[in-house]
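*Asks:* Keeping the supplied structure of chain H fixed, place chain C upon it in accordance with the hints.
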Amino acid sequence: MSSGTFAVLGLFSDAHKIVEAAQQIRPRQLGRLEAYTPYPVHGLDRAIGLAPSRLGRLVMLMGVIGAGLALLFEGWVSAVDYPLVTSGKPLFSWQAFVPVMFEVTVLFATFTAGLAMLFAFNKLPFFGHPVLHSKAIKSITRDKLALSIEATSATFDAETARQALLQNGAESVEIVPVPVWNRPLSLVGLLRTIAGIVAACAVAGAGLFALEKLIPIVPPMVHMHEQPKLNAFRVSSFFADGRGMRPAVTGTVARGHLPPAFATPEEAGTLLGNPLPLTQPIAERGRKVFNDHCAICHGLVGDGVPLLSHAYGGKPGNFLSNEIRARPDGHYFGVLMLGKNAMPSYAADLDNHDRWAAVHYIRILQRAQNAKDEDL
Amino acid sequence: MSPVSPRSSLVRNLLVALTLVGAAGTAGVYVSASRERFWVNWLVWTLFLLTLGLGNLFLVALERLVSAHWSVPMRRVPERIASLIPLAIVLLLIAFFGVPVIFPWTYPAVAHNPILVAKTAWLNLPFFAVRFAVCAVVWMLFYRFYVRGSLRQDENKDPAFTVRARRLAPAFMVVFFFSVTILAFDWISGLEPEWYSDMFGVYLFAGTFISGIAAMLVGVLSLMRRGRLPEVQTKHVYNLGTLGLAFTVFFAYIGFAQYLLIWYANLPEEVIWFKHRIDGAWQPVALLLPLLHFFIPFFLLIGALGKKHPATLRVAALSILLGHFVDLYWLVFPVLGPTPLFGWPELSMACFFLGLGLLQIRRAMGRGADIPVSDPLLSRGLEWQL
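Line by line, the protein sequences are chains H and C. Position 240 of the first sequence, counting from 1, maps to 240 under the working numbering, and the rest follow consecutively. Adding 376 to a residue's 1-based position in the second sequence gives its number in the working numbering.
Check each hint, because a few of them may be wrong.
Stated by the list, open to error - Derived coverage of chain C by chain H (criterion: at least 3 residues anywhere in the stretch with Cβ under 8 Å from a Cβ of chain H; other residues may be distant):
| id | stretch |
| --- | --- |
| 1 | 633 to 642 |
| 2 | 671 to 684 |
Said to hold, decoys possible - Below, in silico cross-link-like pairs of lysine to aspartate or glutamate (EDC-like), each with a Cα-Cα straight-line distance of 20 Å or less:
| id | chain 1 | residue 1 | chain 2 | residue 2 |
| --- | --- | --- | --- | --- |
| 3 | H | K89 | C | D655 |
| 4 | C | K684 | C | E607 |
| 5 | H | K89 | C | E645 |
By construction, these hints were calculated from the structure, which means they are not laboratory data. Don't be surprised by glycine CBs; every beta carbon is placed ideally from N, CA and C.
Okay, chain H solo, but in the shape it has when bound (with noise of 0.2 Å):
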């Protein structure tokens, strides 16, 4: 007989007094205890037997883990990926991440609390809850306090419930019933939502674009890219030369580029030896050197073919040959910096590291197609 009853309702107007029929009913066990109330009605919690939230410490966990993330990211993206010196600061400088993972922190939380609750423990989407369709739901909202045993357990039986609610000083007990859902969802009803969160969309989409770009009194946004500032390559009026661009002050020297102690490669091949150790990742990064910039002219096994070979009038030097390849490191290094006839110099494009790895690379090549016996 409980098949269409959803819950058993009992009205109070006295606050004291539904928190004592609570409390009596309860232990009875006639099934599930829930309570609708104007105001927050203090000790109502526990005497249905709501068990505390558990949504504070999921908040807690997210907020630790937004802290964490946004400390990955930052530390990832500043340290690793695109390491970067800015003013002179460490790459991994945590207390400029503090603010970000603040508010990491803060969007995490607030967000789990947010839609946990609604989602996780209200148990949204669950339209029309079928108290709202009782009559008693005016008062509710109003002046009354109903306490509702639900059907949840087998045994179950609305007159035992209701009886319950009556001894325990209930005004009077409404019986809510299942709700009927005389309306499925139509394919009318879901191509109207459709069509609403197009109409919405192209409305603001319209909005948007007439007060951008039709009425120009109002700039709803003033881009970034819009805002008073000097362009690199752009003419100003700002400084004497008429130049956006500032010309490094004479004698700056930037980072990894101090200027060679050397005037010729036959100089540097004397000077300086190659610092780096042959080590793996170094040969690796000395091939991805060789592939991207030399191989376009030395030929991919430094064997002086280019690969633009028709196109390209050079002569490209064969670093298999036995005069360059009894040239020393520094040799090579000093052509890199200072280029050689045809060959352009690498100052700019390259650091000391990549060119020093890439003279590895070459020696690797060269030793590839001159192996010895013990090498095989």
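*Replies:* Chain C only, in chain H's frame:
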């Protein structure tokens, strides 16, 4: 006043003994250790007592300002802890003997330092003394107004006092912010007069406020344990714990904001102050500060259960109080050199000042009823629900 139990007089005797031992040690420090060390210790502990007193006076005035009900049943505790103010003012007056010892702007060499010469309009002894006098008078006036007035209300049951106390509270707030800023600038950052930080006044205020709450918590809990506050329930201390949680975060926020801005701008005259305090041997102290002042109390207080559990609340409050001492130590002691000094001079002076402060609070604890019995808001405070 509650009848004197044998246990209570034992505690009193122990405190007197502690103070006397500390006093002997303090005299020993004056005779045998360096003057700088003596006065720096004196300053730290005086500031500790003064900020606890001011923090509690602030809590009293804050309750008046916003007409809070929930804290009324516990208000006697902050009113009594505020009795540290007159004591600390006397101690700070004595500290004037130490001003020429530890404040570099009083040294004759100032004449050769253009930065300090530019600051002499503010940093000169007469003006320094006037500022202190004005602050002290203002503090005492408000202390007497709020604490005496509240005690008198017990007897004459005059509700008009509650109205007057609320009307005067905004004035107190303004005066309080100025006076704490002056306290911070004059007595702490004045130790390194070349340093600038606009935020420093707020920093000391945040420390004052949160340690005031912590002291109030410890006071309320200990009175409750002795059964002297039967009307105060878990919900009241719970709310106090919530306030404490909020202001540990506030303190951490202010402290970190000050550090972050100085770290970012990296101006030599500003960063050097932090460099002396977070590098080298001072690093452990610098790490202890956020731990005691923020992380421990924050995680103890964030859950609902912790704030309902007296032992947890007490640990959090004591952590904050210890953190407040570490904070003042960390602010002041680096002027003595690159290694943190902590030996018998520090311990004996700690005994002396702690004993003095506890005796003063104990004496105040016997004054008047434990609950403001005639406060018109009391019944609402007792009925108040979370």
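*Asks:* Please go over all the hints and tell whether each is borne out by the structure.
*Replies:* Here's how the hints hold up against the structure:
1. 633 to 642: holds (count 5)
2. 671 to 684: holds (count 3)
3. K89/H / D655/C: At roughly 16 Å apart (the allowed maximum being 20 Å), D655/C and K89/H satisfy the hint.
4. K684/C / E607/C: Distance of about 16 Å is within 20 Å: holds.
5. K89/H / E645/C: holds (17 Å)
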